[in-house]
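Protein chains in written order, with my numbering: chain G, 257 to 337; chain F, 1260 to 1650.
One or more hints might be untrue.
What the hints assert, rightly or not - Label-pair ranges, simulated between beta-carbon atoms: (1) G:PHE309 x F:LEU1644: 55 to 61 Å; (2) G:ALA274 x F:ASN1370: 30 to 36 Å; (3) G:GLU261 x F:ASN1461: 45 to 51 Å; (4) F:GLN1369 x G:THR335: 44 to 50 Å.
To be verified - Stretches of chain G that chain F covers, calculated by requiring three or more beta carbons in the stretch to come under 8 Å of a beta carbon on chain F: (5) 261 to 270; (6) 282 to 290; (7) 322 to 332.
Everything labelled a hint here was simulated from the structure, so no lab data went into it.
Here a beta-carbon is modelled for each residue, glycine too, at the ideal position from N, C-alpha and C.
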Amino acid sequence: MTVDETIRQVLADHGRLAVPVDSLSDDTDLFGAGMTSHASVNVMLALEDAFDFEFSEKMLKKSTFVSIAAIRSGVLELTGG
Amino acid sequence: MHTSNVAPMTRAGDVAARMTAIADEVAGPAAADVDDRARFPTETIEALKAEGLLAALVPVEFGGGGASLEEVSQGLVSLGRRCASSAMVVAMHHIQVACLVRHGRSEALQNYLQELAGHQYLLASATTEVGTGGDVRSSVCALEVTDGHFRLEKQAPVISYADDSDAVLVTARRTADSPESDQVIVLCRPPGLELEQVGEWNALGFRGTCSTGFVLRATGDADEVFPESYADISTHTMLPMAHLMWSSVWLGIASDAVDLARRFVQREARRKPGTTPPAALRLAEVTVVHQQFVDMVQSSLARFAAAGTDADRLSSIGFGVGMNALKVSSSTLVVDIVRECMLICGLASYRLDTPFSLGRHLRDAMGASLMVNNDRIMANNAQMLLVLRGE
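Just need the whole structure built from these sequences, with the hints factored in.
Right under this line is the structure:
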């Protein structure tokens, strides 16, 4: 799976969104789409498992998880991609 | 002094002292009646209004007192010593005012803030809702906005002192199509506000907060919907403010209990000079715990002040875990301290007709761990700790 596919799969499994993941654009506000702060913690954990890294302290904030584009940039920063 | 009709707050720095004077002269003498009859502490709130103190946290440029949170916290400790119900009403009001000050960025809300300072309005809050299982971060009701006006109906299991307030800040889903977590907060006030009471408030403690249920129906200007999401307002301001202000009230209850215990031990000591009363050691122990409580509230106020309006700091996991820990600790300590003080004062504290009676203290203290149940808060922390990194 590509990075984007993995992110979308994690969101589908753990984001508890009110809309199908396929309907999201890269910039859709995930919190506006129904992701709670609880769900975002699970998304974070699943991303760490999928990519085998740990988000750094400074990345543990809402803006890191606000959209697929934001998550992708965080993932790429940590995987050196 | 409280009959003065000089409302504007022009003196900075003496907010705590003036709240303390009202606590001693007005709230204390009325406390037993407020508790007995489970009635709103009208005289205390009127005295605070007459002194301009309901706008203590409103910036000076909006006509308020420009006081620091430390000053208001100290004032709440004083009120909590004399009448915890009064203190809790004032605490809840200041939490709402802080949300308005920090997040009410629309012109309409800024105008309202000025009006609040001028008229000394009392703000209430409706965050809980029938059907959400006590989770304030989700809503069933939704705003309907048409032609610049909103309409809202909410089944609120609790709106404290709603009948005596001038406006209510209410959470709701942003639109009828929004998921339950996509919430906004909206100012609801007369003449567009209708409150239909459901049930009565007859509780063990905090009886003067009049925390009955209501069906709330409101219409108003869509500009009075806060521009930011409730999720952000809650994380950045409402939750930390609530835990800080409530803790100040509970510290007041604990502080008065320790004062009574100390007076009791000193009275015993005077009867037998040269012999340290047996309860003196227990007093020394409870004083250690009380100091932990004082210092924890102080350091938490400093932590919040240091975060300022930095969204990243306020929404960091470490900050959230810390503010939740404050609530759990202080609501536990207040009960521990009151119980220890009862052991020190013995039957004099158990009886309801002595100067050392601690019955009301105990009843009020027991509410602390239930208002937003500690188990819910611990569950939130448990989840956040799954991803917290060390400093």
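Taking the hints in turn, this is what the structure says about them:
no.: 1; hint: G:PHE309 x F:LEU1644: 55 to 61 Å; result: 19 Å, violated
no.: 2; hint: G:ALA274 x F:ASN1370: 30 to 36 Å; result: 35 Å, holds
no.: 3; hint: G:GLU261 x F:ASN1461: 45 to 51 Å; result: 58 Å, violated
no.: 4; hint: F:GLN1369 x G:THR335: 44 to 50 Å; result: 45 Å, holds
no.: 5; hint: 261 to 270; result: violated (count 0)
no.: 6; hint: 282 to 290; result: holds (count 4)
no.: 7; hint: 322 to 332; result: violated (count 0)
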